[in-house]
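Enquirer: Just need the whole structure built from these sequences, with the hints factored in.
Protein chains: 6
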Amino acid sequence: MSVKVSRRAHFNAAHRLYRPDWSDEKNDAIFGKCNNPHFHGHNYELVVSVTGEIDPVTGFVIDIKILKDLIKSEIEDALDHKNLNQQVPEFKKLNPTAENIAVFIWNKLRPHIESSKKLEVVLYETPRNFVTYSG
Amino acid sequence: MSVKVSRRAHFNAAHRLYRPDWSDEKNDAIFGKCNNPHFHGHNYELVVSVTGEIDPVTGFVIDIKILKDLIKSEIEDALDHKNLNQQVPEFKKLNPTAENIAVFIWNKLRPHIESSKKLEVVLYETPRNFVTYSG
Amino acid sequence: MSVKVSRRAHFNAAHRLYRPDWSDEKNDAIFGKCNNPHFHGHNYELVVSVTGEIDPVTGFVIDIKILKDLIKSEIEDALDHKNLNQQVPEFKKLNPTAENIAVFIWNKLRPHIESSKKLEVVLYETPRNFVTYSG
Amino acid sequence: MSVKVSRRAHFNAAHRLYRPDWSDEKNDAIFGKCNNPHFHGHNYELVVSVTGEIDPVTGFVIDIKILKDLIKSEIEDALDHKNLNQQVPEFKKLNPTAENIAVFIWNKLRPHIESSKKLEVVLYETPRNFVTYSG
Amino acid sequence: MSVKVSRRAHFNAAHRLYRPDWSDEKNDAIFGKCNNPHFHGHNYELVVSVTGEIDPVTGFVIDIKILKDLIKSEIEDALDHKNLNQQVPEFKKLNPTAENIAVFIWNKLRPHIESSKKLEVVLYETPRNFVTYSG
Amino acid sequence: MSVKVSRRAHFNAAHRLYRPDWSDEKNDAIFGKCNNPHFHGHNYELVVSVTGEIDPVTGFVIDIKILKDLIKSEIEDALDHKNLNQQVPEFKKLNPTAENIAVFIWNKLRPHIESSKKLEVVLYETPRNFVTYSG
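Protein chains in written order, with this note's numbering: chain Z, 53 to 187; chain S, 53 to 187; chain U, 53 to 187; chain P, 53 to 187; chain X, 53 to 187; chain G, 53 to 187.
Please keep in mind that the hints were generated in silico from the structure rather than gathered at the bench. Hints are supplied without guarantee of correctness; some may be wrong.
Remember, identical chains collapse to one label, so a pair may be satisfied in a single copy or spanning two.
[To be verified] No more than 30 Å apart at the CA atoms, straight line, and that leaves these computed lysine-lysine pairs for DSBU-like:
(1) K78 with K120
(2) K124 with K144
(3) K78 with K145
Expert: So this is what it looks like as structure tokens:
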């Protein structure tokens, strides 16, 4: 009996979408308002899901308290109230699009989840724009 | 790294569920209140998702601005503030159930999305009733 | 100890905004897409609130079950899955704007609520457009 | 054309997570606040999805009214306003975790859905914790 | 410049509505399913609002962090994962209706808020049923 | 018949809470993570409400299209995808707390609303933190 267990979390951050190797004109053409050099920001909503067999002893796939604490220590502490471009090393050279942030989160969490279990990350940049990554 | 990118949109429309080749009694029995010959309506909420590889240059699977404009030109302009049965040719003879509207939306969008990418449509007829179609 | 008790409900309906004594051009200029002669529709969300003293015997201001049943019999049965212009007598000559529908709902409920209690109606035409009427 | 049709429902219930064969200390260590012997409770939100071919006659995969009534008779009547541990026989010896409740719901509904159609259950214990089971 | 500052919080609890001095029949007639002697429960959502002048030095009416911590220490620690009837002394003899719980919360918070500021409590028993108390 | 008409909008922005005349230590003590000198950001949700008499000719208190366009031109164009501290002149010296932003928005809109009508602004900094200003 394989069940998917999901936990919702959130963090606030500033970012800017641009490539330093492009001209201002090209960055504006591709990234529009998201290329504001003074940055803008979002309330990111995050749903992390772990899929695996129910442990017959506890009735849990994963203790949601452990998943909550893992999201806190690995993701919220790293990203909450941060400027992603300037304060998160991985985004010094990588554009912090929702797609790339979701992959970053997945890569940070994957080593902490049992290898027999599947991991999925859904990241809402706004209530209308969101991305899903499953490895 | 395959990521699913989702965009939420909405439109308001009137519709009626019935088959002209059935008697009133049969239409009432099958479609109930939805068979009101004076029509009723909904605030349809729509989530369109495109799945594909992240472009390493931009960090995008698809520019969400392009997806937003595509939903506007292909779907909102065709359906918003319309009577589906009377003003949308495809539903002159096809019952505008949520299922059929979702397939209609998917078919309208599919030619505009790169063939290597997957397309999914979720259509909420109400916050409690919704359908998903992936081709 | 005066407390406000609120109950959320919903109904779906079709409507059209226009004045029969105006030209088509004037109706289009004022009501835009809402003047579609084939009608369009909404999932209306409704919050009805009753404010009064807590009954020390029950701990209720009003039994929420009674309020729920009242909204069902007076409002949902009258408006759900209806064409407001054609099937609700009050809107034969009165434009079914959100403002006018909220007043209509308040007037229908007021006689059923004890006169010592206050009544408020919030009506969501869409998640982004809503109105409040308190008599 | 295979479409997934989803219906949202809800019920309120009390529960306690513990194993009677464990000491109080062990139950506290594993289940924390959820092991309160006086019980606590939730507003469970439930999404039931049925996936199958659209019936070309009606335009439905499944009549949502039938699905709604099925959820009412099989799930809401069994679980709403109940103490899961004490009043639902299946949880007399089985821990009523979200995972186990989702499997219970799926097992109750499966015999009532055509075998050619797929069934999925999503159960929200809180807006931040939820599980998905598909058989 | 008087501004109202609001903070949303939540807690889960079990309760039962009944009067020990009434017969089972009378309790059932008045409180219905809420009179289940085995208890049922809710995810309560709470919005606490403080209204006052903006401090020109900080730009705050009240530091939302202080308000968050106050709700945690006074309300969540007292009510979360509790059986209200059995484990919260105030509800040993007082029916834990939403109305009475809102007044209880307001009374617990009032001494901690400057007397020049107004306090309002909104308590959602479910997404559809909620109450408001302002003293 | 006085009715309140509300329109929901949103914008994304970066900000930092601090006073340049304070030491880093004092700014950290008062503003905590919000004092990140690299900025952080939010998806601000905004509800603007106008209260007045229903125009018996149109059935409107205010044409919601006009209100929507006003919010676009006065607020979204000024704040969306901006760094509030660096790019909005009013916040060069004024701390961009939710309270101060709400007052700023109210002051920007007030001249455009008929003086006989009341204006209210609700600003959500996050889904859990929000403020209300009515002049």
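Enquirer: Take the hints in turn and mark each one as holding or not.
Expert: Here is what the structure says about each hint:
1. K78 with K120: between (41 Å within a copy, 21 Å between copies)
2. K124 with K144: Result: close within a single copy only, 22 Å intra versus 33 Å inter.
3. K78 with K145: Cα proximity of K78 and K145: one copy only (17 Å, versus 33 Å across).
Hint check: no violations occur; every hint is consistent with the structure.
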